[in-house]
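*Asks:* As numbered in my numbering, residues 1 to 287 make up the sequence shown, in order.
In case anyone wonders, no lab produced these hints; they're calculated from the structure. All values derive from a computational prediction rather than experimental measurement. In this text, a Cβ means the ideal position worked out from N, Cα and C, and glycines have one as well. Among the hints, a few may not be true.
DEER-style ranges, computed between Cβ atoms [unchecked claim]: (1) Gly228 - Val73: 17 to 27 Å; (2) Asn30 - Phe104: 21 to 31 Å; (3) Ser249 - Glu45: 20 to 30 Å; (4) Glu124 - Gly254: 42 to 52 Å; (5) Gly165 - Glu47: 19 to 29 Å; (6) Trp231 - Phe104: 47 to 57 Å; (7) Asn30 - Asp272: 42 to 52 Å.
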Amino acid sequence: MADLQDARVAVYLDFDNIVMSWYDRVHGRNSYSRDRQRITGGSGEPEIAARLAAATVDVGAIIDYAASFGTLVLTRAYADWSNPVNAEYRSQLVARAVDLVQLFPAAAYAKNGADIRLAVDAVEDMFRLPDLTHVIIVAGDSDYVPLAQRCKRLGRYVVGVGVAGSTAKSLAAACDRFDAYDSLPGVLSPETEKKDAAPARARARKRSVDPSGELLERALRLEAEKDGDEWQHASAVKRLITRLDPAFSEKALGHRGFTDFVKAHTDVAEVDDSGNIVLIRLAPARR
(Lines of atoms letter the chains of each structure in order from A and count residues from 1; the text may use other names and numbers.)
(Lines give C-alpha, C1' and ligand atoms only; values in the text may rest on other atoms or scores of the structure.)
Protein backbone atom coordinates (compact mmCIF):
# COMPACT_ATOMS: atom_id res chain seq x y z
CA MET A 1 0.00 0.00 0.00
CA ALA A 2 1.36 3.42 -0.93
CA ASP A 3 1.89 5.90 1.88
CA LEU A 4 -0.67 8.60 2.57
CA GLN A 5 1.17 11.25 0.57
CA ASP A 6 0.86 9.07 -2.55
CA ALA A 7 -2.62 7.72 -1.80
CA ARG A 8 -5.07 7.86 -4.69
CA VAL A 9 -8.75 7.71 -3.82
CA ALA A 10 -11.93 6.75 -5.67
CA VAL A 11 -15.28 7.77 -4.16
CA TYR A 12 -18.66 6.24 -5.00
CA LEU A 13 -21.86 7.76 -3.58
CA ASP A 14 -25.23 6.03 -3.66
CA PHE A 15 -26.80 9.44 -3.40
CA ASP A 16 -30.44 8.36 -3.13
CA ASN A 17 -29.48 6.08 -0.23
CA ILE A 18 -27.76 8.86 1.71
CA VAL A 19 -30.52 11.43 1.10
CA MET A 20 -33.28 9.04 2.17
CA SER A 21 -31.35 7.69 5.15
CA TRP A 22 -30.51 11.15 6.45
CA TYR A 23 -34.14 12.24 6.05
CA ASP A 24 -35.17 9.26 8.19
CA ARG A 25 -32.42 10.04 10.72
CA VAL A 26 -33.64 13.61 11.12
CA HIS A 27 -37.41 13.04 11.02
CA GLY A 28 -37.79 9.47 12.29
CA ARG A 29 -37.76 5.96 10.91
CA ASN A 30 -39.57 5.46 7.56
CA SER A 31 -40.32 9.19 7.27
CA TYR A 32 -39.12 9.35 3.69
CA SER A 33 -41.38 6.47 2.64
CA ARG A 34 -44.36 8.21 4.25
CA ASP A 35 -43.56 11.54 2.61
CA ARG A 36 -42.34 10.15 -0.72
CA GLN A 37 -45.35 11.11 -2.84
CA ARG A 38 -45.40 14.64 -1.45
CA ILE A 39 -41.62 14.95 -1.92
CA THR A 40 -41.45 13.66 -5.49
CA GLY A 41 -44.69 15.34 -6.52
CA GLY A 42 -42.94 18.69 -6.73
CA SER A 43 -45.90 20.48 -5.19
CA GLY A 44 -43.70 22.84 -3.21
CA GLU A 45 -45.62 22.37 0.03
CA PRO A 46 -44.08 24.61 2.72
CA GLU A 47 -44.13 21.79 5.28
CA ILE A 48 -42.26 19.38 2.99
CA ALA A 49 -39.83 22.11 1.91
CA ALA A 50 -39.02 22.76 5.56
CA ARG A 51 -38.54 19.06 6.30
CA LEU A 52 -36.22 18.67 3.30
CA ALA A 53 -34.22 21.73 4.34
CA ALA A 54 -33.81 20.34 7.85
CA ALA A 55 -32.48 17.09 6.36
CA THR A 56 -30.04 18.64 3.86
CA VAL A 57 -26.99 16.47 3.27
CA ASP A 58 -23.65 18.26 3.68
CA VAL A 59 -21.98 17.25 0.42
CA GLY A 60 -18.84 19.21 1.29
CA ALA A 61 -18.32 17.28 4.51
CA ILE A 62 -18.35 13.96 2.62
CA ILE A 63 -15.97 15.11 -0.12
CA ASP A 64 -13.59 16.74 2.37
CA TYR A 65 -13.54 13.58 4.48
CA ALA A 66 -12.69 11.53 1.39
CA ALA A 67 -9.91 13.97 0.47
CA SER A 68 -8.32 13.46 3.88
CA PHE A 69 -7.20 10.00 2.70
CA GLY A 70 -5.34 11.24 -0.37
CA THR A 71 -5.77 12.67 -3.86
CA LEU A 72 -9.27 12.23 -5.25
CA VAL A 73 -8.77 10.50 -8.59
CA LEU A 74 -12.48 10.17 -9.32
CA THR A 75 -15.73 10.86 -7.50
CA ARG A 76 -19.07 9.61 -8.76
CA ALA A 77 -22.59 10.11 -7.44
CA TYR A 78 -25.40 7.78 -8.58
CA ALA A 79 -29.03 8.93 -8.55
CA ASP A 80 -32.02 9.92 -10.62
CA TRP A 81 -31.00 13.55 -11.09
CA SER A 82 -34.37 14.42 -12.62
CA ASN A 83 -35.84 13.91 -9.14
CA PRO A 84 -36.35 17.43 -7.69
CA VAL A 85 -34.83 16.39 -4.36
CA ASN A 86 -31.59 15.26 -5.97
CA ALA A 87 -31.58 18.09 -8.48
CA GLU A 88 -31.13 20.54 -5.60
CA TYR A 89 -27.64 19.11 -5.07
CA ARG A 90 -26.43 19.12 -8.66
CA SER A 91 -24.66 22.48 -8.58
CA GLN A 92 -22.89 21.63 -5.31
CA LEU A 93 -21.70 18.30 -6.65
CA VAL A 94 -20.54 19.69 -9.98
CA ALA A 95 -18.66 22.44 -8.12
CA ARG A 96 -16.74 19.72 -6.28
CA ALA A 97 -15.89 17.94 -9.56
CA VAL A 98 -18.26 15.05 -8.87
CA ASP A 99 -19.35 13.02 -11.90
CA LEU A 100 -23.14 12.65 -11.86
CA VAL A 101 -24.31 9.25 -13.08
CA GLN A 102 -27.94 9.28 -14.19
CA LEU A 103 -30.14 6.36 -13.13
CA PHE A 104 -33.78 5.79 -14.00
CA PRO A 105 -36.13 3.75 -11.78
CA ALA A 106 -37.93 0.91 -13.49
CA ALA A 107 -41.16 1.90 -11.74
CA ALA A 108 -42.36 4.53 -9.31
CA TYR A 109 -41.30 2.57 -6.25
CA ALA A 110 -38.66 0.29 -7.73
CA LYS A 111 -34.97 0.39 -6.89
CA ASN A 112 -32.96 2.45 -9.36
CA GLY A 113 -30.18 -0.09 -9.72
CA ALA A 114 -27.55 2.16 -8.13
CA ASP A 115 -25.92 -0.76 -6.33
CA ILE A 116 -25.40 -2.76 -9.54
CA ARG A 117 -24.14 0.16 -11.64
CA LEU A 118 -21.91 1.46 -8.85
CA ALA A 119 -20.38 -1.96 -8.21
CA VAL A 120 -19.71 -2.61 -11.89
CA ASP A 121 -18.05 0.80 -12.29
CA ALA A 122 -15.95 0.36 -9.15
CA VAL A 123 -14.57 -3.03 -10.18
CA GLU A 124 -13.87 -1.77 -13.70
CA ASP A 125 -12.06 1.27 -12.27
CA MET A 126 -9.84 -0.89 -10.08
CA PHE A 127 -8.60 -2.79 -13.11
CA ARG A 128 -8.43 0.32 -15.28
CA LEU A 129 -6.58 2.35 -12.61
CA PRO A 130 -4.20 -0.05 -10.84
CA ASP A 131 -2.66 2.79 -8.82
CA LEU A 132 -5.89 3.35 -6.85
CA THR A 133 -5.11 2.76 -3.17
CA HIS A 134 -8.42 3.64 -1.46
CA VAL A 135 -12.07 3.01 -2.33
CA ILE A 136 -14.69 4.98 -0.41
CA ILE A 137 -18.28 3.71 -0.58
CA VAL A 138 -20.89 6.18 0.63
CA ALA A 139 -23.97 4.05 1.25
CA GLY A 140 -25.55 1.85 3.88
CA ASP A 141 -27.07 -1.02 1.93
CA SER A 142 -25.92 -4.58 2.62
CA ASP A 143 -25.92 -5.10 -1.17
CA TYR A 144 -22.50 -3.43 -1.16
CA VAL A 145 -20.89 -6.10 1.03
CA PRO A 146 -19.62 -8.15 -1.97
CA LEU A 147 -18.15 -4.99 -3.49
CA ALA A 148 -16.30 -4.10 -0.29
CA GLN A 149 -14.97 -7.64 -0.05
CA ARG A 150 -13.84 -7.66 -3.68
CA CYS A 151 -12.08 -4.31 -3.28
CA LYS A 152 -10.18 -5.66 -0.27
CA ARG A 153 -9.20 -8.82 -2.15
CA LEU A 154 -7.83 -6.60 -4.90
CA GLY A 155 -5.60 -4.87 -2.37
CA ARG A 156 -7.50 -1.63 -1.82
CA TYR A 157 -8.19 0.00 1.53
CA VAL A 158 -11.97 0.22 1.79
CA VAL A 159 -13.71 3.00 3.69
CA GLY A 160 -17.46 3.05 4.21
CA VAL A 161 -19.64 6.03 5.11
CA GLY A 162 -23.29 5.63 6.05
CA VAL A 163 -25.99 7.21 8.16
CA ALA A 164 -26.19 5.95 11.73
CA GLY A 165 -29.20 3.70 12.24
CA SER A 166 -29.62 3.03 8.51
CA THR A 167 -26.41 1.13 7.79
CA ALA A 168 -26.22 -2.64 7.65
CA LYS A 169 -23.80 -4.03 10.23
CA SER A 170 -22.53 -6.46 7.60
CA LEU A 171 -21.40 -3.58 5.38
CA ALA A 172 -19.54 -1.90 8.22
CA ALA A 173 -17.85 -5.20 9.05
CA ALA A 174 -16.81 -5.71 5.42
CA CYS A 175 -14.89 -2.42 5.29
CA ASP A 176 -11.40 -1.69 6.61
CA ARG A 177 -12.88 1.41 8.20
CA PHE A 178 -16.43 2.64 8.57
CA ASP A 179 -17.59 6.07 9.76
CA ALA A 180 -21.08 7.37 10.34
CA TYR A 181 -22.02 10.39 8.24
CA ASP A 182 -23.23 11.95 11.51
CA SER A 183 -19.68 11.86 12.91
CA LEU A 184 -17.92 13.60 10.01
CA PRO A 185 -16.32 16.97 10.85
CA GLY A 186 -18.81 19.75 10.14
CA VAL A 187 -21.91 17.54 10.37
CA LEU A 188 -24.19 18.06 13.36
CA SER A 189 -26.32 15.16 14.52
CA PRO A 190 -30.06 15.93 14.70
CA GLU A 191 -29.84 15.95 18.50
CA THR A 192 -26.95 18.41 18.54
CA GLU A 193 -28.56 20.55 15.86
CA LYS A 194 -31.68 20.99 17.97
CA LYS A 195 -29.78 21.62 21.19
CA ASP A 196 -27.15 23.94 19.76
CA ALA A 197 -29.04 25.60 16.92
CA ALA A 198 -28.36 29.17 18.09
CA PRO A 199 -24.63 28.63 18.85
CA ALA A 200 -24.23 26.81 15.53
CA ARG A 201 -25.71 29.76 13.65
CA ALA A 202 -23.43 32.11 15.57
CA ARG A 203 -20.38 30.00 14.67
CA ALA A 204 -21.44 29.94 11.03
CA ARG A 205 -21.76 33.73 10.96
CA LYS A 206 -18.35 34.12 12.56
CA ARG A 207 -16.68 31.68 10.17
CA SER A 208 -18.23 33.26 7.11
CA VAL A 209 -16.12 36.38 7.82
CA ASP A 210 -12.89 34.38 7.32
CA PRO A 211 -13.32 31.37 5.02
CA SER A 212 -9.60 30.53 5.19
CA GLY A 213 -9.90 30.06 8.96
CA GLU A 214 -12.87 27.75 8.43
CA LEU A 215 -10.78 25.75 5.92
CA LEU A 216 -7.93 25.44 8.44
CA GLU A 217 -10.31 24.23 11.13
CA ARG A 218 -11.88 21.61 8.89
CA ALA A 219 -8.47 20.29 7.83
CA LEU A 220 -7.32 20.01 11.45
CA ARG A 221 -10.51 18.19 12.46
CA LEU A 222 -10.19 15.75 9.56
CA GLU A 223 -6.54 14.97 10.35
CA ALA A 224 -7.24 14.54 14.06
CA GLU A 225 -10.26 12.33 13.39
CA LYS A 226 -8.30 10.13 11.01
CA ASP A 227 -5.08 9.77 13.01
CA GLY A 228 -6.41 10.11 16.54
CA ASP A 229 -3.58 12.53 17.39
CA GLU A 230 -4.18 15.99 18.78
CA TRP A 231 -1.00 17.50 17.29
CA GLN A 232 -0.56 17.36 13.52
CA HIS A 233 2.42 18.03 11.25
CA ALA A 234 1.94 21.40 9.61
CA SER A 235 3.08 19.97 6.27
CA ALA A 236 0.39 17.27 6.39
CA VAL A 237 -2.29 19.82 7.21
CA LYS A 238 -1.18 22.06 4.35
CA ARG A 239 -1.29 19.12 1.91
CA LEU A 240 -4.84 18.37 3.02
CA ILE A 241 -5.88 22.02 2.70
CA THR A 242 -4.61 22.15 -0.87
CA ARG A 243 -6.61 18.99 -1.64
CA LEU A 244 -9.73 20.56 -0.11
CA ASP A 245 -9.13 23.82 -1.98
CA PRO A 246 -6.58 23.62 -4.82
CA ALA A 247 -6.71 27.43 -5.13
CA PHE A 248 -5.42 27.92 -1.56
CA SER A 249 -2.27 30.06 -1.25
CA GLU A 250 -1.06 31.50 2.04
CA LYS A 251 1.00 34.06 0.12
CA ALA A 252 -2.10 35.28 -1.72
CA LEU A 253 -3.61 35.82 1.73
CA GLY A 254 -0.68 38.00 2.74
CA HIS A 255 1.48 35.50 4.70
CA ARG A 256 5.14 34.64 4.12
CA GLY A 257 4.60 30.96 4.81
CA PHE A 258 2.09 28.41 6.04
CA THR A 259 3.22 28.68 9.67
CA ASP A 260 2.59 32.44 9.56
CA PHE A 261 -0.83 31.76 8.13
CA VAL A 262 -1.66 29.41 11.02
CA LYS A 263 -0.29 31.84 13.62
CA ALA A 264 -2.59 34.51 12.23
CA HIS A 265 -5.57 32.32 13.19
CA THR A 266 -5.04 32.01 16.95
CA ASP A 267 -8.79 31.57 17.42
CA VAL A 268 -8.64 28.40 15.31
CA ALA A 269 -5.24 26.80 15.94
CA GLU A 270 -2.13 26.87 18.09
CA VAL A 271 1.40 26.23 16.89
CA ASP A 272 4.38 24.44 18.42
CA ASP A 273 7.47 25.40 16.43
CA SER A 274 10.00 24.70 19.20
CA GLY A 275 11.34 21.57 17.47
CA ASN A 276 12.56 20.65 14.01
CA ILE A 277 8.99 19.81 12.92
CA VAL A 278 6.23 22.40 13.19
CA LEU A 279 3.15 20.98 14.90
CA ILE A 280 -0.34 22.49 15.03
CA ARG A 281 -3.61 21.61 16.73
CA LEU A 282 -7.03 23.07 17.25
CA ALA A 283 -7.23 25.93 19.72
CA PRO A 284 -8.75 24.93 23.09
CA ALA A 285 -12.02 26.75 22.36
CA ARG A 286 -12.48 24.69 19.15
CA ARG A 287 -11.88 21.24 20.61
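*Asks:* All hints are to be evaluated individually against the structure, with a verdict given for each.
*Replies:* Results of checking the hints against the structure:
At about 26 Å, the beta-carbon gap between glycine 228 and valine 73 stays in the expected band of 17 to 27 Å. Look at asparagine 30 against phenylalanine 104: about 24 Å separates their beta carbons, and that is inside 21 to 31 Å. Range check, serine 249 to glutamate 45: Cβ separation about 46 Å, and the 20 to 30 Å hint is violated. Against the hinted window of 42 to 52 Å, the Cβ-Cβ separation of glutamate 124 and glycine 254 comes to about 46 Å, which satisfies the hint.
For glycine 165 and glutamate 47, the hinted distance range of 19 to 29 Å is satisfied, since their beta carbons lie about 23 Å from each other. Between tryptophan 231 and phenylalanine 104 the beta carbons are some 50 Å apart, a value that agrees with the proposed interval 47 to 57 Å. The beta-carbon spacing between asparagine 30 and aspartate 272, approximately 50 Å, falls within the hinted interval of 42 to 52 Å.
Hint violations for this structure: number 3 only, all remaining hints satisfied.
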